[in-house]
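Engineer: One letter stands for each residue in the lines below.
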Amino acid sequence: MKITVYGPDGCSNCSRLKEKAQNVVEENGFDADVVKQGDMAKLAEKGIMSTPGFEIDGEMVFSGSNPPEDQLQELIEERL
Amino acid sequence: MVFQQIATYVVEALGLTGSLRAAAHFWIYDTLKILSILVVVIFGVTYLRTYFPPEKIRDYLEGKRAITGYALAALLGIVSPFCSCSTIPIFLGMVGAGIPFGITITFLAVSPMINEAALVVLPGVVGFKLTALYAVSGIVIGMSSGYTLNKLGFDRYIEEFNFGDSDVEIDEPTRKERAREAYVEAKDIIVEIVPYVIVGVGAGAAIHGYLPGELVTQYLSGPLGVFGAVAVGVPMYTDILGVIPVVESLIGKGLPVGTGLAFMMSVAALSFPQFMILNKVMKKELIAAYATTLAAGILTIGLLFNLLL
Numbered sequence: 001m002k003i004t005v006y007g008p009d010g011c012s013n014c015s016r017l018k019e020k021a022q023n024v025v026e027e028n029g030f031d032a033d034v035v036k037q038g039d040m041a042k043l044a045e046k047g048i049m050s051t052p053g054f055e056i057d058g059e060m061v062f063s064g065s066n067p068p069e070d071q072l073q074e075l076i077e078e079r080l
Numbered sequence: 001m002v003f004q005q006i007a008t009y010v011v012e013a014l015g016l017t018g019s020l021r022a023a024a025h026f027w028i029y030d031t032l033k034i035l036s037i038l039v040v041v042i043f044g045v046t047y048l049r050t051y052f053p054p055e056k057i058r059d060y061l062e063g064k065r066a067i068t069g070y071a072l073a074a075l076l077g078i079v080s081p082f083c084s085c086s087t088i089p090i091f092l093g094m095v096g097a098g099i100p101f102g103i104t105i106t107f108l109a110v111s112p113m114i115n116e117a118a119l120v121v122l123p124g125v126v127g128f129k130l131t132a133l134y135a136v137s138g139i140v141i142g143m144s145s146g147y148t149l150n151k152l153g154f155d156r157y158i159e160e161f162n163f164g165d166s167d168v169e170i171d172e173p174t175r176k177e178r179a180r181e182a183y184v185e186a187k188d189i190i191v192e193i194v195p196y197v198i199v200g201v202g203a204g205a206a207i208h209g210y211l212p213g214e215l216v217t218q219y220l221s222g223p224l225g226v227f228g229a230v231a232v233g234v235p236m237y238t239d240i241l242g243v244i245p246v247v248e249s250l251i252g253k254g255l256p257v258g259t260g261l262a263f264m265m266s267v268a269a270l271s272f273p274q275f276m277i278l279n280k281v282m283k284k285e286l287i288a289a290y291a292t293t294l295a296a297g298i299l300t301i302g303l304l305f306n307l308l309l
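Sequences listed follow chains L and R, in order.
For the first sequence, the numbering used here assigns the number 1 to the initial residue and increments by one for each residue that follows.
For the second sequence, the numbering used here assigns the number 1 to the initial residue and increments by one for each residue that follows.
Calculated directly from the structure, the hints in this document are not laboratory data.
Note that the Cβ used here is the ideal one computed from N, Cα and C, for glycine as well.
Check each hint, because a few of them may be wrong.
[Stated by the list, open to error] The calculated EDC-like cross-link candidates involving lysine to aspartate or glutamate, where the alpha carbons are at most 16 Å apart (straight line), are:
| # | chain 1 | residue 1 | chain 2 | residue 2 |
| --- | --- | --- | --- | --- |
| 1 | L | 18 | L | 69 |
| 2 | L | 20 | L | 33 |
| 3 | L | 42 | R | 159 |
| 4 | L | 42 | R | 160 |
| 5 | R | 280 | L | 39 |
| 6 | R | 280 | L | 9 |
| 7 | L | 20 | L | 74 |
| 8 | L | 2 | L | 26 |
| 9 | R | 284 | R | 159 |
| 10 | R | 284 | R | 160 |
| 11 | L | 2 | L | 59 |
| 12 | R | 283 | R | 155 |
| 13 | R | 56 | R | 165 |
| 14 | R | 280 | L | 45 |
| 15 | L | 2 | L | 31 |
| 16 | L | 42 | R | 165 |
| 17 | R | 284 | R | 155 |
[Said to hold, decoys possible] Take a look, some chain L residues computed to stay more than 10 Å from chain R by CB distance:
| # | residue |
| --- | --- |
| 18 | 2 |
| 19 | 19 |
| 20 | 23 |
| 21 | 26 |
| 22 | 29 |
| 23 | 35 |
| 24 | 37 |
| 25 | 57 |
| 26 | 69 |
| 27 | 75 |
| 28 | 77 |
| 29 | 79 |
| 30 | 80 |
Just chain R, with the same shape it has in the complex (with noise of 0.2 Å):
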C-alpha cells in the first residue's frame, strides 16, 4: 500500500534503525491511514446528514413504541454530529418535544461513543470482531443507562426550561448546497480531530516502539486494569480516533481485548468538557447518575470480554 512505502521511505531515507524506525514508521504510517479515512468519511457523512436534520429525526421519534424508540435512538446516535457541542442541543430538542427521558438519554450517550469514522477506521487497525464488540456494547450500554435512568426516576433532574418552537422555515437544500454545507463541516471537524490524532498515533507509536509488552502482561491484564483503564479514560479528553492507535499499540504488547475496549469506551463516552455543558441542562444527581451507569457498564463489559475472549 502506498502508505506502508511513503512511511518505509521515509524512515529508510533519515537513516532509522531499531525501535526508532519501528515507532517513526508506525506514526507515518497510522496517520496518513486515518487522516485519509477521515477525509472521505466525514465528507461522506456530513452530506447524507443535511438530508436527516434533527428536527426531522425527533418528529420521526415521536410516539413510537419503547423498544423500537431506544433502538432508533442508538442508531442516530452513531449517525449524529461529532461535537457534543451539536448533540446536547439536539437532547434537549427531543426532551423538549416529550420523546421518552430514557430513549433522549441512550442517544446521548451512544453519540460520543460510537461514530461512523471511527466504524471505519476500527476495523482496519483492530479488525472487524472487535470493531462489531465495539459497536454492539456501546450500543447496550446507551439502551441500559438510558433504560436504567428512567426506571430510577432520574427524568425529575432535567433543568426546567421552556423548550421554544423555532419559526425557522428549512427550505430543501439544493444538492450544490448539501455539499457546501457538507465541505465546510468536514472541513471543520477534520482541522479538528487533526492534532489528536497526530499525538494519539504519537503515543502509539512511542508504546509500539518501546514500551516492553511483559510491564502490560504484567501489570494491566488482571481484573484490575480494567478499572484502571476506565478510572484514566474518563477524565481524559481526547477523540475516540486519537484513542485508537493507542489501544492498537497495547493490544498489540499483550493488553487483553476486554481492558483496551474498555479504555477506548471511557475516554469517548465521558468527558468534563462534556459535564461542563450538560450542567447548564441538568442537576448534579443526574450528571452523577449518567456518568455512573455508563462506567459501571463500561466496566462490565470490560470484564466480561477478558472472561470470554
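Okay, chain L solo, but in the shape it has when bound (with noise of 0.2 Å):
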C-alpha cells in the first residue's frame, strides 16, 4: 500500500499529518509506504485546494482536513 500526503514545504499541518501516518502505520504494522508530496504542480494536477491532501493507492481520501490517528487508522484499514 502507498499512502501520499499532498502538503507543499511550509505547510505545517501537512507534515504533521504525514508523520501521524507514519504513526498509524508503524504501530499497527500495516504493509504501507508513506511519502510526502510537495510539488505544486502535482498538488494541482491532483486538483488539491485545501491542504493537506490525503491519498491511499491513488484514491484520494480525504483534503483540507487533518483527522486524529484513529481516524487515520480506520480509513487506512477499510482499505487493507
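Bring the two chains, given one by one in their own frames, into a single complex with the hints.
Structural biologist: This is how it looks when you write it as C-alpha cells:
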C-alpha cells in the first residue's frame, strides 16, 4: 500500500499529517509506505485546493482536514 | 486594563527606570495584547472558514462579471488562510477552473497583504483611520495589479499543467468536527506567529525606548523614505503581526503615516519564500511583473498618503 500526503513545504499541518500516518502504520504494523509530495504542480494535477491531501493507492481519501490517528487508522484499515 | 497592570507590575518589580522601563513596558504590554487578540480571532476565523471551503468559493466565483469577480476575490483574499503555502493551491485551483487571470492575481496579492487578524489588531495599535486606509489601499493595490497584469497579457506566463478534478467527497462536518479542525489549525498558526510577534514587539520596544525621534524625522520623513521602506520591506520575511509594533513605534517617533503603511504592506505582500513557491507554477517574467506592479502600487499609496495626510 502506498500512502501519499500532498502538502507544500512550509505547511506544518501537512507535515504533521504525514507523521501521524507514519505512526499509525508503524504502530499497527501495516504494510504501507508513507511519502509526502510537496510539488505544487502535482497538487494541482490532483485537484487539491485545500491542503493537506491524503491519498491511498491512488485514491484521494480526503483533503483539507487533519483527522486524529484513530480515524486515520480506520481509513487505512478499510483499504487494506 | 489588566495587561497594562501586568506590564507595570513587572517593570516595577524589576526596578527598571528610564528608557529601559519604557521599552520593557511596551514589550510586555504589546505582546500580551496582540497574542490574546490573536488567539480569539484566529480560532473564530478558522472555525468560520470551515463553512467556506475553497472548492465552494471557486465554484461561486465562476462566471461572475468582471467587477464583481475582482471585488469578491479581494474579499476572499482577506479571509483566506494565513500561509502562502495554503493560498497558492487555492490560486492554482482557480486558474485551473478557468476563473479570469486578473481575478486570481487579485486574490493572490490581497491574501498576504491583508488578513483578518491584522485588521483586528491594527485599530488598537494605530487607530481606526489608519486601519481603514490600510485595508482599502491593500484591496485597491491587489485589484489594480490583477487588472494590469491581465491587460498586459501576462497570463501566458503561467506554467502549463493539468489541473485535475479532485474526486474527494466532502462530507458536511459536524459542529464538533469544525471546532476540532479550527482548534488544530488555530494552534498551528499561533505557534508559528508567536516568535514573530515577540521579536517584532521587541524591535518596536527598542525603537520606542531608545531611538531618538530626530533620527526618524530627519532621515525617514522625505519621499525617499517611502522608497527606502519598500526596498527594506520586500526582502524582509516576517509575519505582518510582527511588523505592526515596529510601525507603531516608528509612527510614534514621527514617521510619516504613508511611509509606515508602505513598509507594512511591502513586508506582508512580497517575500522570497513566496516567490520560491510561485516559481514552480509561474515563469520568472510573471513573478517579476507581479512583484513590480505590487511594489509600484505600494510606493504610490505611500507617497500619496504622505502628501495628503
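Engineer: Does each hint fit the structure? Answer for all of them.
Structural biologist: Consistency of the hints with the structure:
1. A hinted pair counts as satisfied when its Cα atoms are at most 16 Å apart, and residue 18/L with residue 69/L qualifies at roughly 11 Å.
2. For the proposed pair residue 20/L and residue 33/L, the alpha carbon gap of about 13 Å is at most 16 Å, so the pair holds.
3. Among the hinted pairs, residue 42/L with residue 159/R is consistent with the structure: their alpha-carbon atoms are about 12 Å apart, no more than 16 Å.
4. Only pairs whose Cα atoms come within 16 Å are accepted, and residue 42/L paired with residue 160/R is accepted, the gap being roughly 12 Å.
5. Using a Cα cut-off of 16 Å, the hinted pair residue 280/R and residue 39/L holds, with the two alpha carbons roughly 8 Å apart.
6. About 12 Å separates the Cα atoms of residue 280/R and residue 9/L, which keeps this hinted pair within 16 Å; it holds.
7. Restraint check for residue 20/L and residue 74/L: satisfied, since their Cα atoms lie roughly 13 Å apart, inside the 16 Å limit.
8. For a cut-off of 16 Å, the pair hint linking residue 2/L to residue 26/L stands: about 14 Å separates their Cα positions.
9. Straight-line distance between C-alpha atoms of residue 284/R and residue 159/R comes to about 10 Å, which keeps the hinted pair within the 16 Å bound.
10. Distance check on the hinted pair: residue 284/R and residue 160/R sit about 14 Å apart at the alpha-carbon level, within 16 Å; holds.
11. For the hint pairing residue 2/L with residue 59/L, the CA-to-CA distance comes to about 10 Å; that is within 16 Å, so the pair holds.
12. Pair hint residue 283/R plus residue 155/R holds up; C-alpha atoms about 10 Å apart against a cutoff of 16 Å.
13. With a C-alpha separation of about 14 Å, the suggested pairing of residue 56/R with residue 165/R holds against the 16 Å cut-off.
14. In summary, the hint linking residue 280/R to residue 45/L is supported, as the alpha carbons are separated by about 13 Å, within the 16 Å threshold.
15. A distance of roughly 9 Å separates the Cα atoms of residue 2/L and residue 31/L; the hinted pair therefore holds under the 16 Å criterion.
16. Annotation: proposed proximity of residue 42/L to residue 165/R holds, straight-line Cα distance about 12 Å (limit 16 Å).
17. Note on residue 284/R and residue 155/R: the hinted pairing holds, with a Cα-Cα distance of about 12 Å set against a maximum of 16 Å.
18. Against the 10 Å criterion, residue 2/L stays outside the reach of chain R, whose nearest CB is about 17 Å from its own CB.
19. Every C-beta of chain R lies more than 10 Å from that of residue 19/L, the closest at about 13 Å, which supports listing it as non-interface.
20. Listed as outside the interface, residue 23/L is consistent with that label: its C-beta sits roughly 16 Å from the nearest C-beta of chain R, beyond the 10 Å cut-off.
21. Interface exclusion of residue 26/L from chain R stands, the closest Cβ pair being 22 Å apart, more than 10 Å.
22. Non-interface call for residue 29/L relative to chain R: holds, since the shortest CB-CB distance, roughly 27 Å, exceeds 10 Å.
23. Here residue 35/L stays apart from chain R, with its beta-carbon at least about 18 Å from theirs, past the 10 Å limit.
24. Every C-beta of chain R lies more than 10 Å from that of residue 37/L, the closest at about 12 Å, which supports listing it as non-interface.
25. With 10 Å as the threshold on Cβ separation, the claim that residue 57/L sits away from chain R holds: the shortest Cβ distance comes to roughly 14 Å.
26. For residue 69/L, the non-interface assignment is confirmed: its Cβ lies about 13 Å from the closest Cβ of chain R, beyond the 10 Å cut-off.
27. Non-interface call for residue 75/L relative to chain R: holds, since the shortest CB-CB distance, roughly 12 Å, exceeds 10 Å.
28. Taking the minimum C-beta to C-beta distance to chain R, about 19 Å, the non-interface status of residue 77/L holds against the 10 Å cut.
29. A cut-off of 10 Å between C-beta atoms confirms that residue 79/L is not in contact with chain R; the least separation is 14 Å.
30. Its beta-carbon lying about 20 Å from the closest one in chain R, residue 80/L satisfies the requirement of being farther than 10 Å from that chain.
Hint compliance for this structure: no hint is broken.
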